[in-house]
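J.: For reference, the chains in residue letters:
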Amino acid sequence: MIYREAGQFKTTYASDQAIFPIVQDRVVVLLAILAVFLVPPLAANEYWLQAVLIPFLIYSLAATGLNLLTGYAGQLSLGTGGFMAVGAYSAFKLTTAFPQINIIGVFLISGLIAAGVGLLFGIPSLRIKGFYLAVATLASQFFLIWLFNKVPWFVNYASSGTITAPDRAVFGVLVTGPNSTAPMRYLMALGFVAVFALIAKNLVRGRIGRSWMAIRDRDIAAEIIGVNPLRTKLLAFGISSFYCGIAGAEFVFLYLGSAETLAFDINVSFLVLFMVIIGGLGSILGSFLGAAFIVLVPIFLTNAPHLIGLPLPVALLKQIELMVFGALIIFFLIVEPHGLARLWQITKEKLRLWPFPH
Amino acid sequence: MKRNVLWIFLLAGAIIAAPLAPVALAQDKGSIYIPLLVYRTGPYAPSGIPNANGFNDYFNLINERDGGINGVKIVFEECEMQYDTKQGVECYERLKGKAVVVNPFSTGITYQLIPKAPVDKIVMHSMGYGMTAAADGRWFAWVFNFPMTYWSQASAFIKYVGAQEGGMDKLKGKKIVHVYHNSPYGREANPTLEVLARQLGFELTLLAVDHPGQEQKSTWLQIRRINPDWIYLSGWGVMNQVAVKEAAAIGYKMDHLVGNWWSGSESDVVAAGDGAKGFRSMTFHAAGPGFKVHQEIVKYLYDKGKGAQKKEAIGEVYHNRGMINAMLNTEAIRTAMAKYGNKPLTGEQVRWGFENLNLTEQRLEQIGMKGMMQPLRVTCENHESNGKAAVQQWDGKKWTLVSDWIEPMREVVRPNLEVAAVEEAKKLGYTMRDCSKE
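Protein chains in written order, with this note's numbering: chain A, 38 to 395; chain B, 315 to 752.
Calculated directly from the structure, the hints in this document are not laboratory data.
Note that this is a predicted model, so its numbers are computed, not measured.
Possibly wrong hints are sitting among the right ones.
[What the hints assert, rightly or not] Not everything, but these chain B residues come out facing chain A in the computed CB check (under 7 Å):
| no. | residue |
| --- | --- |
| 1 | ARG354 |
| 2 | GLU404 |
| 3 | GLU407 |
| 4 | TYR425 |
| 5 | GLN426 |
| 6 | LYS435 |
| 7 | ARG452 |
| 8 | SER497 |
| 9 | PRO498 |
| 10 | PRO505 |
| 11 | THR745 |
| 12 | MET746 |
| 13 | SER750 |
[Said to hold, decoys possible] Footprint (simulated), chain B over chain A, 3 or more residues, beta carbon under 8 Å:
| no. | region |
| --- | --- |
| 14 | 77-87 |
| 15 | 190-197 |
| 16 | 204-218 |
| 17 | 242-251 |
By construction, the Cβ of each residue, glycine as well, lies at the ideal position given by its N, Cα and C atoms.
All chains, full assembly: derive it from the sequences and hints.
T.: Encoded structure:
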């Protein structure tokens with residue numbers, strides 16, 4: 038009854054292949070997008086925007102990028118943190134050297150630079166597969182962090198070795214830097230996520246996405262039917278790094294404000310990989326669900342005892358939080374090894390049949 | 315029947331209201347709210363726990379004994395951040411609402427929060443850590459790093475080495491190695507050491523150790539080859555323990571290995587056992603439980619079961635440091651109250667208090683910390699104050715001061731600091747204040 042699809046006929050290929058073929062879905066998603074653009078900037082306080090929603094959006098973008106590479110093209114990567122760092126340091130260098138370039142342009146160019154670096158580190162993927170590739174990308178993670186730590190040019194010779202986001206405006210409104218407001222930074226992050234999630238969704242539905250999946254499922258078979266593994270894999274690395282690069286730039290410019298290389302260490306790579314695995318490999322929605330799970334659940338667990346007025350010592354609280362969080366991860370992986378996105382898919386199937394399952 | 319419904323409603327109301335009660339108390343009008351970013355868990359917990367306990371003990375002492383600062387209660391709340399920058403920022407955003415001063419407890423988080431401080435009107439006190447350039451108060455009005463910066467500390471170390479060698483001219487040709495944590499924190503001392511190496515003619519070698527510092531074999535192999543006269547160690551957490559162990563393993567003379575003040579606590583040396591004996595470190599306060607303030611916390615807190623930790627841990631390096639940090643916050647707020655009245659203050663008023671803090675010898679005696687640290691005075695230009703450093707040594711059981719109070723080489727540090735301040739301020743788009751008009 039929730040989905041009344043009676044009368045929804047597809048008369049063209051275009052309508053049959055739409056991202057949301059069901060009218061109800063389309064309406065809900067459009068309303069939701071409208072809501073996320075309007076409600077949080079007006080209603081949420083700075084804590085929610087700055088400490089919860091902005092990191093969620095940025096991690097979603099990074100997870101989407103990694104999902105293209107790992108979930109769709111099947112190339113396991115542990116270099117996400119490194120590629121994010123490339124984006125962040127490129128954005129910093131670009132915007133300090135050429136302040137006249139619009140910050141949106143800076144983010145896009147940083148993404149391209151990250152894509153270039155990703156291509157470079159993607160080359161071994163032609164020969165190395167599976168876990169061995171993970172180790173190779175791990176090398177990129179360590180190399181890139183070492184590089185940014187080692188060469189002072191990347192931080193404009195600052196003695197502290199940190200990069201700081203300067204004030205930059207879009208259409209006359211400050212969106213980055215210490216003087217920008219949280220709602221504007223949120224909108225900036227949301228804008229990027231919305232556009233690039235749409236692009237990613239369309240990528241994976243089209244020829245490129247299909248060739249990725251062909252490579253993922255059986256690379257020799259894919260090669261026989263005419264998918265060029267070199268081009269396909271490198272494209273996956275490039276596009277994935279592009280996403281991670283933009284996420285990295287946003288990480289510093291919209292979220293942290295200033296950062297050192299430690300902000301992009303191996304933990305970030307693992308975190309994003311876990312988001313992809315928990316959310317669902319090979320699902321754009323999964324990237325968002327995974328990011329939400331990893332970012333929001335710990336914050337919820339930290340705040341929950343406060344909300345119910347349980348005065349526990351903070352250290353104990355932290356340990357409980359870690360235990361509950363770990364248990365939840367195991368629980369979800371047992372209940373649904375294909376991730377939260379699959380859970381949602383099952384729910385939706387049931388909703389479509391309800392109340393007359395047959 | 316109706317009465318039952320009424321009861322249920324009352325009960326439900328009580329349950330809903332119960333969690334609100336402590337919050338309402340915390341927002342009581344007559345109080346000052348100070349959030350504490352602590353790290354009682356995670357890899358740095360051995361340093362974080364005594365530090366946080368020091369804060370708790372001192373604030374509780376003020377509340378129990380004096381009923382707060384001049385009668386205005388201190389309300390403080392801990393937030394666990396595991397020494398992780400992102401969690402620290404989350405904590406800050408969550409608790410900043412009513413805050414007037416925040417102690418970030420980590421150089422990484424300090425860098426994050428410096429741009430936010432003037433916007434949120436919250437005083438940032440990074441006591442002996444954080445951004446050195448922020449000591450120029452003309453540019454960084456909201457950031458304070460007294461009693462001393464990393465740069466002054468490094469210069470005090472060189473001065474100490476000079477004194478040990480029998481004169482600053484004897485430093486010529488001496489080999490000094492700086493083993494540092496490869497992060498903004500670890501790198502802080504480098505520019506000062508480089509300047510002094512040029513001026514005084516000693517040979518400086520900089521050896522970076524990557525986070526977290528568990529692997530230092532190659533570093534100490536290099537040290538063995540260089541065979542330096544002195545080693546300055548800027549480590550943190552496990553890196554210190556490993557460094558001290560490695561130094562002992564290669565048979566380096568331990569009293570020529572000097573840590574900075576984040577590399578000289580009990581947890582850094584205990585792991586190395588007897589090998590650590592003789593290891594020295596910089597400090598800006600004495601360790602040990604032998605001061606009047608310790609008797610006070612035992613009397614008012616520990617004897618009543620209100621102490622934050624085990625009694626034996628009183629006076630550990632980081633416990634004392636936490637208490638001193640809390641004391642400096644308290645005294646700055648007291649200074650502000652002298653001007654604005656004994657009432658809850660705003661961030662701006664507390665900032666004035668920090669900027670005009672004059673901690674005299676008499677005041678230290680009243681507080682019960684005479685001899686524990688040196689008097690200091692903060693001014694508008696100078697946010698690192700005129701604090702002094704000292705050197706302490708580990709004898710296998712406890713840390714004891716082994717030097718007089720050392721005045722850093724301000725004539726060397728300050729000009730470079732002012733140049734760096736302009737650089738850092740330019741990044742944030744700050745303008746310089748005129749301190750004569752403050």
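J.: All hints, please: hold or fail.
T.: Hint-by-hint comparison with the structure:
no.: 1; hint: ARG354; verdict: holds (3 Å)
no.: 2; hint: GLU404; verdict: holds (4 Å)
no.: 3; hint: GLU407; verdict: holds (4 Å)
no.: 4; hint: TYR425; verdict: holds (5 Å)
no.: 5; hint: GLN426; verdict: holds (6 Å)
no.: 6; hint: LYS435; verdict: violated (13 Å)
no.: 7; hint: ARG452; verdict: violated (18 Å)
no.: 8; hint: SER497; verdict: holds (6 Å)
no.: 9; hint: PRO498; verdict: holds (4 Å)
no.: 10; hint: PRO505; verdict: holds (5 Å)
no.: 11; hint: THR745; verdict: violated (13 Å)
no.: 12; hint: MET746; verdict: violated (17 Å)
no.: 13; hint: SER750; verdict: violated (27 Å)
no.: 14; hint: 77-87; verdict: holds (count 3)
no.: 15; hint: 190-197; verdict: holds (count 3)
no.: 16; hint: 204-218; verdict: holds (count 4)
no.: 17; hint: 242-251; verdict: violated (count 0)
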